[in-house]
Structure formats: C-alpha cells, structure tokens
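Novice: Just need the whole structure built from these sequences, with the hints factored in.
So the protein sequences, as listed, match chains A and B. According to our numbering, the first sequence holds residues 1 to 159 in order. According to our numbering, the second sequence holds residues 1001 to 1159 in order.
Calculated directly from the structure, the hints in this document are not laboratory data. Computed from a predicted model, the values in this text were never measured in an experiment. The beta carbon of each residue, even a glycine, is placed where N, CA and C say it ideally should be. Hints are supplied without guarantee of correctness; some may be wrong.
Partial pick of chain A residues on the chain B-facing surface, computed with a CB cut under 8 angstroms [to be verified]:
(1) K7
(2) Y107
(3) R115
(4) R140
Number of protein chains: 2
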Amino acid sequence: MKIEIRKAKKEDMLAVYNLIKALAVFEKEPDAVEIEVSDLERDGFGKEAKFLCFVAEVNNKIEGMALVYMRYSTWKGPVLHLEDLVVNQQMRGKQLGTKLLDQVVVYGNQLGVKRVSWDVIDWNEDAITFYEKKGANVMRDWDLVQLDEKGIKEYLSKL
Amino acid sequence: MKIEIRKAKKEDMLAVYNLIKALAVFEKEPDAVEIEVSDLERDGFGKEAKFLCFVAEVNNKIEGMALVYMRYSTWKGPVLHLEDLVVNQQMRGKQLGTKLLDQVVVYGNQLGVKRVSWDVIDWNEDAITFYEKKGANVMRDWDLVQLDEKGIKEYLSKL
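Specialist: See below:
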C-alpha cells in the first residue's frame, strides 16, 4: 500500500468536497454543506488563497485531507489552524490521519508559528486521547460560539 | 459621554496592546503575551494585514477593542472570526462591548459571510447569556485544541 501526503491541486477539489460531504452525512448534517466544488477551486488557489489543503493518497486515490489556514492570536501572533481532517471510513486505522496531522505540524513549523490549533467534539474520546498523546492541550473550558446567516440578519434587524 | 466605534489606526496599537495585556493579567497569564506593539503595527495594516481591529473611544480615549480576521469553513465558506473583545474594567456596563459586537456583525454582513464566530470560556455565564440573547449558538460540546511552541518541537522530535 503506497501512501503519499501532498499539497492538493485544483483538480483534487472534487475528491476533497466528497470527503467534506461524507463527514457531514456522518455527522447527520448533510444539508449544512453550502459550499460547492467551484468555491473550493476558487478559494483555495492563487495569490489570495483562503486556505491550503493537503491530501492523502493511497495507491493514487485520495482517501483523506487536511485543510488549514492562518489565524491571529493576540498573545502569540500568527497561528496555523486545522479546520478539517477527514479520512474515508474504509481507510481508518491505516495512519492516514496521523500522517496528515504530521504534515500540518511540519508545515506550521516551517511557517514559524508559535501555535497549531484545531477543535474537537467532546465525545470523541479516541481523538482526544490521541491529541493529548501528541502533546496538544485540549481546553475543555472553552465553547465555540457561532452566529449563523439567519442569526446575522436577526441581529441586524434589532439594531 | 461620547462613545465612538471606529477602525483602529496604526498609532492606536499601543492602546490595543495595553488592553490585550490587561486581559491577560486579569486571566492570571501575564507572561502568555508574546507579541509586542510593533508586531500589531506590522501585522494589522497594509495590503497583507492579518487582522482588522475596531476600537471604542470614550471622550477620545480608547477604552475597548474588537479584533477580527477571516477563517474558512468547509461548510459555509469564508467566516468572520472575533478573536478578542476587550473593554477596560472601569468602563464595563456602558454598552461598549455591545457596540463593538454590533460593529463586528455589521462588518461581517458587509463582507457577505454566512457566519460570525468566536469563543467563550464556559464559566462566563453573563457573556453566554448575552450571546444567546443576541441569537448566537453556544456550542458546549466542542473543545479547543492547541499545540504550542514547545509542543510543536516535541511533536517534530518524535517523527
């Protein structure tokens, strides 16, 4: 089995989109995915790319991906954030996720960031154990807050 | 009392830095702030600015700030993220925080994002109540994960 981790190309975005979609179906939120392949193709490439994507290929087929972008900490400066790390169901347990995370940390180090960050859902104990073993700090006392499209409109209507 | 919310200028970064530092002292982590005023001046302005900052002025003195940047959701596309919202202790309860958050949501709407996001510490019930009243979804089942500078080096040493 030949595993290769590499930067995604524009023509990989359909496979990346399918991984995003599969994860949303798995999380029982298939309709939450509002972006399309063309959005990924436009937003991930060129001089003003909004993200960078790595893919994991097994025998030349894309079976996993990690999508990152820069954030800014008022304490540490530029931070590399891992937004999504997805591996196809049938390819779990073959170290694809580990290799993708390795690549993300290597990349963060190349950029000279003082932090790599990501989020994890709290019932995913396997993932949390894995991350802590890797030296990451899982901060259970912070919550994510989201004001969605409908929330934005309602918020503005009350100003 | 005259309150004005406006975009920060480069010469405001000392006041912004002092707000960042005051918050870190309040959170009992004064040494966690590794950036300096010159970093904020460099990173927040020009064509490749890494963040945008709004300040709240009371009688022409900066008493609060909100610092934002773009993230990328694989479900929603570009997202506006509020990294920090700080108001000087002695200016609490005067709607500065509300006005800064209003400005952030207005700005997100101008950009056409489908989400404005931020994080909250789970014991800050007043903030959580306020955010939920504003229509935001506080996701208590997600944890933040951070691999810090030391963690990055140790991670790489094991590859």
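Novice: Hint by hint, say whether it matches the structure.
Specialist: Checked hints:
Evaluation of the K7(A) hint against chain B yields a violated restraint, the C-beta minimum of about 16 angstroms exceeding 8 angstroms. Against a cut-off of 8 angstroms between C-beta atoms, the interface hint on Y107(A) is violated, since the closest Cβ of chain B lies about 11 angstroms away. For the restraint placing R115(A) at the interface with chain B, the shortest Cβ-Cβ distance is roughly 5 angstroms, inside the 8 angstroms limit, so the hint holds. The criterion of a C-beta within 8 angstroms of any C-beta in chain B is met by R140(A), whose closest approach is roughly 5 angstroms, and the hint holds.
Comparing the model with each earlier hint shows violations of hints 1, 2; every other hint is respected.
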